Amino acid sequence: MGAVKTKRMPRAVREQQMLDAAVRIFGQRGYMAASMDEIAEVAGVSKPLVYLYLNSKEDLFAACIRREAAALTEAVRSGVGPGLGADRQLWDGLRAFFTHTAQHPDAWSVLHLQARTHGERFAAEVTAMREEIVAFVTQLIVVAAREAHRDPHLPEREVAGLAEALVGAAESLAAWANATEGVSARQAAATLMNFAWAGLGNLMEGRPWSPPEPDQDRS
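Under the numbering used here, the first residue of the sequence shown is numbered 7, with each subsequent residue one higher.
A couple of the hints might just be wrong.
Within a straight-line C-alpha distance of at most 25 Å, the following computed SDA-like cross-link-like pairs (lysine to any residue) qualify [said to hold, decoys possible]:
id : residue 1 : residue 2
1  : K53       : E80
2  : K63       : L119
3  : K63       : R35
4  : K63       : E44
5  : K53       : Q22
6  : K53       : G87
7  : K53       : A39
8  : K63       : A130
9  : K63       : H110
10 : K63       : T105
11 : K53       : A18
12 : K63       : M135
13 : K63       : A129
Because the hints were derived from the structure by calculation, they are not lab data. As the structure is a computational prediction, the values presented were derived from the model and not from experiment.
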């Protein structure tokens with residue numbers, strides 16, 4: 007009595023159905039408040055079936071993180087067309103990032119908020135995704151420098167720092183855009199593009215900003 011009846015379907019399809027429900031609940035309620043009962047109800051399956059397929063709440067959460075991290079990374083990579091100018095590649099990558107996070111707000115909540123604050127195991131999954139995106143952005147900057155100079159002189163550490171700063175800004179802006187009514191993915195991408203490319207463009211053209219000399223620095 008009271009058991010949820012389930013239709014027969016391939017295990018892989020049923021598992022994705024469970025992950026869809028779990029992402030929704032984890033993203034909206036948070037990891038601690040989410041219950042396996044509610045996830046099973048939203049998925050339209052019995053709670054024992056969720057445990058049978060995905061073992062535990064911790065394993066289910068980790069599976070959600072892995073799936074959504076892979077989806078976001080693929081969205082950014084596939085959004086950038088080869089052979090385009092550096093500014094267009096950066097624009098396309100940012101637009102793909104903000105479009106994906108806007109279309110999947112629960113998934114972004116899982117990746118950006120929940121996974122980072124509930125244990126090293128979960129944080130490590132997000133860190134791996136972030137490192138892949140930073141490496142991709144780093145390569146975009148390197149290619150842009152080569153296009154501009156043919157013999158680029160940007161230090162490796164500086165390029166890595168620029169990529170880290172850009173990805174960090176995109177993460178914060180995505181969280182703000184998803185929480186602010188009326189901000190589209192295109193607007194968010196344009197905001198960051200205007201902020202970042204003014205500096206990157208000058209850098210690519212060999213006109214970097216230089217800090218004041220120590221004796222002129224009030225600090």
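Evaluation of the provided hints:
Proximity of K53 to E80 is assessed by CA-CA distance (about 31 Å); at most 25 Å being required, the pair is judged violated. Restraint check for K63 and L119: satisfied, since their Cα atoms lie roughly 17 Å apart, inside the 25 Å limit. Between K63 and R35 the alpha-carbon distance is near 14 Å, which keeps this suggested pair within the 25 Å criterion. Between the alpha carbons of K63 and E44 the distance comes to roughly 12 Å, so the proposed pair stays at or under 25 Å and holds.
Distance check on the hinted pair: K53 and Q22 sit about 15 Å apart at the alpha-carbon level, within 25 Å; holds. Taking the CA atoms of K53 and G87, the gap is about 43 Å. The hint is violated against a cut of 25 Å. For the hint linking K53 to A39, the alpha-carbon distance of about 16 Å falls within 25 Å, and the restraint holds. Using a Cα cut-off of 25 Å, the hinted pair K63 and A130 holds, with the two alpha carbons roughly 17 Å apart.
Among the hinted pairs, K63 with H110 is consistent with the structure: their alpha-carbon atoms are about 21 Å apart, no more than 25 Å. Of the pairs offered as hints, the one joining K63 and T105 is violated, with about 29 Å between alpha carbons and a cut-off of 25 Å exceeded. Between the alpha carbons of K53 and A18 the distance comes to roughly 17 Å, so the proposed pair stays at or under 25 Å and holds. Our distance criterion of 25 Å between C-alpha atoms is met by K63 and M135, whose separation comes to about 21 Å.
This hinted pair checks out: K63 and A129 have alpha carbons roughly 16 Å apart, not beyond 25 Å.
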